[in-house]
Amino acid sequence: MNLLDPQGPVAAANSTILIDSVFIMLAIVVPTIVAILAFAFWFRASNTKARYQPDFVYSGRVEMVVWSIPALTVILLGGVAWIGSHQLDPAAPVPGTGSPVRIQAVSLDWKWLFIYPDQRIATVNTLTVPAGAELNFQLTSSSVMNTFFIPQLGSMIYTMNGMVTKLNLRADNEGKLQGLSAHFSGDGFPDMMFDVNVISPLAFPDWVATTAKTDAVLDEASYRKLMQQGIEKGRPAYRLEDPRLFDLIANQHIPPGPGPELISEAGRPHSGGQDAR
Amino acid sequence: MLGKLDWSAIPLDQPIPLVAGAVVLVAILGVLIWVVAKGHLPYLWHEWITSVDHKRIGVMYILLASVMLLRGGSDAIMMRIQQAVAYQSQGYLPPEHYNQIFSAHGTIMIFFVAMPFVIGLMNLVVPLQLGVRDVAFPTLNSVGFWLTATGALLVNLSLVIGEFARTGWLAFPPLSELSYSPGVGVDYYAWSLQISGVGTLVAGINLVTTVLKLRTKGMNYLRMPMFCWTTLASNLLIVAAFPILTATLAMLLLDRYLGFHFFTNEAGGNVMMFMNLIWAWGHPEVYILVLPAFGIFSEVVSTFSGKALFGYRSMVLATMAICVISFMVWLHHFFTMGAGPDVNAIFGIASMIIAIPTGVKIYNWLFTMYGGRIRFATPMLWSVGFMVTFIIGGLTGVLLAVPPADFMLHNSMFLVAHFHNVIIGGVLFGAFAGFEYWFPKAFGFRLDERWGKAAFWFTFLGFFITFVPLYIAGMLGMTRRMQHYDVAAWRPWMIVAAFGMVVLTIGVICQIVQLVVSIRNREALRDRTGDPWDGRSLEWATSSPPPVFNFAFNPDVRGEDAYWDMKVRARQQSLEHDVPEYRDIEMPRNSPTGFVCAFFATVMGFALIWHIWWMVILGGLGAFATFVVFAWRDHDEYVIPAEDVARIDRVNIEERRSLVSMAGAI
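Those protein sequences? They're chains A and B, same order as listed. Quick note: the first sequence uses UniProt numbering, first residue 1, plus one each step. Quick note: the second sequence uses UniProt numbering, first residue 1, plus one each step.
Bear in mind the hints are in silico, worked out from the structure with no lab data behind them. For clarity, every value in this text was computed on a predicted model and none was experimentally measured. A virtual CB, placed ideally from N, CA and C, is assigned to each residue, including glycine. Watch out, some of these pointers could steer you wrong.
As the list claims (entries may be wrong) - Here chain A is said to cover these stretches of chain B; the calculated rule only asks that three of the stretch's residues, wherever they fall, bring their Cβ under 8 Å from a Cβ of chain A: (1) 34-46; (2) 60-67; (3) 166-176; (4) 265-278; (5) 346-359; (6) 374-387; (7) 481-490.
Unchecked claim - Covered stretches of chain A (chain B as the covering partner; in silico rule of three or more C-beta atoms under 8 Å from a C-beta of chain B): (8) 42-54; (9) 71-80; (10) 116-127; (11) 249-257.
Unchecked claim - Label-pair distances were calculated between CB atoms; the ranges are: (12) B:Glu523 with A:Tyr58: 49 to 55 Å; (13) A:Gln252 with B:Val24: 44 to 50 Å; (14) A:Asn173 with B:Ile10: 22 to 28 Å; (15) A:Ile231 with B:Ala37: 26 to 32 Å; (16) B:His611 with A:Asn251: 33 to 39 Å.
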């Protein structure tokens with residue numbers, strides 16, 4: 001999950017900007033730290049060779065320099081930020097080979113549901129994608145906020161109930177990666193890690209065909225069951241009954257997830273019993 | 001009768017909070033019994049609890065912050081141990097407990113350690129630096145302190161009665177809404193912050209008014225010490241930002257208590273509105289904390305370099321620039337919410353612009369040291385340590401302000417390392433520097449230097465051993481708030497960080513030992529002159545500790561570094577004043593208003609959390625009645641006769657004369 005070992009163009013561009021920005025800043029930060037330590041050491045009271053200049057309290061020239069050094073750095077970095085924000089906007093297209101794959105991700109309490117509307121399949125906690133193709137993500141949440149993040153593919157994005165966020169990524173190399181939720185979402189949050197299998201574009205249709213053979217069906221009823229709070233250790237896969245399921249979730253046609261099973265005071269056997277007595 | 005409260009609220013099945021709660025309870029009872037048995041109660045009541053003296057209130061603020069630092073620190077130790085052991089296992093803390101701990105850690109460290117520490121130092125020092133006798137609203141000051149203490153008390157009560165929030169320190173909805181957090185945890189969080197937030201707001205109003213309206217003769221704005229400027233900036237931010245927090249939490253509470261839909265998923269609620277509002281307070285908040293620390297460093301660096309602050313006007317400009325810009329950057333806390341490239345880029349660049357005045361400050365401290373004669377007493381060590389640490393925190397902060405970099409680092413351990421880097425390296429180092437620097441002023445004796453230096457080095461090294469691994473873990477994709485994890489690459493860094501926590505803990509222990517050793521050796525460490533560091537501003541012109549009226553005469557200020565100026569002139573003329581003509585001084589009377597009001601606020605807060613409505617009404621009426629009684633008071637001041645003033649001041653002048661003549665002889 002090393003950010004500096006990118007497996008796709010978005011992550012590569014992000015981490016290049018990250019490293020470049022660090023070096024731009026190090027160029028002034030290192031000399032400044034050295035100067036602090038050097039001045040502090042040289043002007044120590046016990047050093048008789050250092051010249052005491054109690055009246056050196058203003059210098060227009062020094063002021064000019066100390067305002068311009070950080071200002072110039074920020075102008076440079078501001079340019080990086082402006083260009084980077086536009087080029088690497090999560091919704092910006094990421095051209096790839098072959099036709100793009102549409103994936104609709106839903107964060108549930110506490111698992112990830114990945115819907116492939118065009119392939120009519122869905123998987124939980126495992127995301128299988130072809131290498132080299134553009135991946136168009138649409139994301140929402142069944143209940144609380146989460147953040148969808150595959151560190152080695154780049155840019156993360158929030159998932160929120162009743163809203164759809166967009167993210168485009170591409171995975172360049174076949175292999176296994178890991179993804180996670182990067183926004184705390186409750187007790188099962190650490191178990192929201194998911195596998196990312198990047199397979200060859202030739203193998204992808206086979207994988208789709210194999211997955212579609214499953215008996216399990218994802219429709220509104222089974223989705224409602226899935227969105228109950230809980231941790232999913234397995235990697236279930238579904239045939240997708242209704243390709244509009246994601247829209248039903250996103251526009252709250254299916255109401256938000258229920259939260260913890262309420263063991264309310266009223267529901268407790270003893271409190272009711274006391275009243276009866 | 002008792003709302004939602006019953007015996008199941010006591011976590012009898014969880015040994016850790018129960019034992020911790022029991023130990024604290026025994027300790028508090030022990031202290032109470034000791035106080036009563038030794039007959040100290042009247043002294044405590046008359047001299048401290050009901051005191052409206054800004055110095056006493058400042059000391060109580062700092063005491064509260066120190067105690068809460070131990071609580072927040074214990075949370076930190078538990079978290080670091082959990083993450084060191086919870087690799088491919090559940091560790092020793094179940095999620096519902098671990099989640100409370102990190103939420104409580106953040107809430108306590110920001111609201112009940114950092115805030116009271118800096119407000120305490122401002123309270124203690126600012127009126128002295130301005131050359132005045134008290135703050136603008138002395139009784140309000142006391143109310144502010146006691147309401148802050150109420151908030152701290154409620155948060156800690158949640159340890160043994162009920163639970164604390166499990167939502168993180170900002171309680172983001174919809175997780176913090178009733179449907180996903182049905183327990184009382186979020187209510188504890190919200191009501192403690194509502195009550196202590198009122199306390200902070202009145203403290204802010206009080207200090208802004210003090211700086212703007214109560215300055216001694218000749219103390220015009222551009223002669224104020226830097227700490228007064230940063231106090232002004234910080235408190236202006238409090239006055240502008242805390243109402244946003246209060247309003248936001250009020251909306252969350254309306255959602256939770258009365259079924260409103262401000263931030264719910266359903267019925268048109270909007271969670272993004274909460275994000276915007278809470279960070280519109282939250283980002284200025286970090287500058288509320290760090291600006292006073294900048295002021296402390298300015299005082300310390302200039303004093304211990306034996307020079308006036310370099311580029312004073314530039315520093316004033318930088319301070320006020322930070323004050324204004326800090327309100328325009330809040331969106332950088334959620335670049336990854338998909339706001340679009342223009343919005344992200346503009347807020348990213350705005351956030352970077354704050355680095356300009358901050359960088360200027362660093363360079364001005366650097367040039368204050370240049371040509372100085374630097375004495376490395378403990379406050380100066382903290383200051384140099386701060387400069388080095390804070391620059392690194394600034395670098396990572398600007399990095400996070402670059403949206404594409406933030407797309408990878410948002411909410412990661414890198415972010416956790418960054419904000420600890422600026423809050424420990426900036427605010428806490430500043431608070432410790434101020435504590436060491438002004439302790440002799442508050443208590444009349446210096447702190448032990450050897451233990452102070454040991455505390456610095458352990459804290460400084462411990463900080464890096466703890467947080468550099470977290471930076472690395474963040475680069476390895478680790479996100480924050482993980483109760484357990486299965487990624488092998490993260491583990492070694494979590495173990496190193498836990499070791500760093502041990503070193504940090506030794507630093508804290510050194511500081512406690514320093515206090516104990518210094519109190520025992522107080523006669524040897526006594527500061528008789530009132531000016532132990534060869535200071536430059538007016539707080540050093542009075543005795544240590546200062547008399548209740550601070551100054552027998554309002555000092556006459558003729559330039560920057562007012563007291564330094566006076567010392568130079570006194571040396572040239574080789575004598576201070578002739579025998580002055582003392583006058584009666586009027587001082588505000590002590591008042592139990594703050595304490596009584598906070599007592600009722602505690603009752604009301606607790607009752608609101610547990611839905612005990614009759615008690616809510618009782619508490620509310622009690623607090624209101626206290627105000628009415630206070631408003632109808634007949635005598636609000638008492639007079640210190642001129643003879644008493646003369647007697648107290650003569651001692652001070654004698655000591656000071658011998659100091660000046662000694663310095664003159666050299």
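Verification of the hints:
1. Counting residues of the segment 34-46 of chain B whose C-beta sits closer than 8 Å to any C-beta of chain A gives 0, which falls short of three, so the coverage hint is violated.
2. Counting residues of the segment 60-67 of chain B whose C-beta sits closer than 8 Å to any C-beta of chain A gives 0, which falls short of three, so the coverage hint is violated.
3. With 6 residues bearing a CB less than 8 Å from a CB of chain A, the segment 166-176 of chain B meets the requirement of three and the coverage assertion stands.
4. Counting residues of the segment 265-278 of chain B whose C-beta lies closer than 8 Å to any C-beta of chain A gives 4; at least three are required, and the coverage claim holds.
5. Check on the segment 346-359 of chain B: 8 of its residues sit with their Cβ under 8 Å from a Cβ of chain A, so the three-residue criterion for coverage holds.
6. For the segment 374-387 of chain B, the stated coverage by chain A is satisfied: 5 residues place a CB nearer than 8 Å to a CB of that chain, which reaches the threshold of 3.
7. Counting residues of the segment 481-490 of chain B whose CB falls under 8 Å from any CB of chain A gives 8; the rule of at least 3 is met.
8. Counting residues of the segment 42-54 of chain A whose CB falls under 8 Å from any CB of chain B gives 8; the rule of at least 3 is met.
9. As drawn, the segment 71-80 of chain A meets chain B at 6 residues by the rule of a beta-carbon pair under 8 Å; at three or more, the given contact holds.
10. For a cut-off of 8 Å, the count of residues in the segment 116-127 of chain A with a CB near a CB of chain B stands at 0, and the three-residue condition is violated.
11. Only residues whose C-beta sits within less than 8 Å of a C-beta in chain B count toward coverage, and the segment 249-257 of chain A has 3 of them, enough to reach three; the restraint holds.
12. Distance hint for B:Glu523 and A:Tyr58: a CB-CB separation of about 43 Å, inconsistent with the stated range 49 to 55 Å.
13. Between A:Gln252 and B:Val24 the C-beta distance comes to about 46 Å, which sits within the given range of 44 to 50 Å.
14. In this structure, A:Asn173 and B:Ile10 break the distance hint of 22 to 28 Å, their C-beta atoms being roughly 55 Å apart.
15. As the Cβ distance of A:Ile231 to B:Ala37 is approximately 54 Å, the hint placing it in 26 to 32 Å is violated.
16. With their beta carbons about 35 Å apart, B:His611 and A:Asn251 fall inside the hinted range of 33 to 39 Å.
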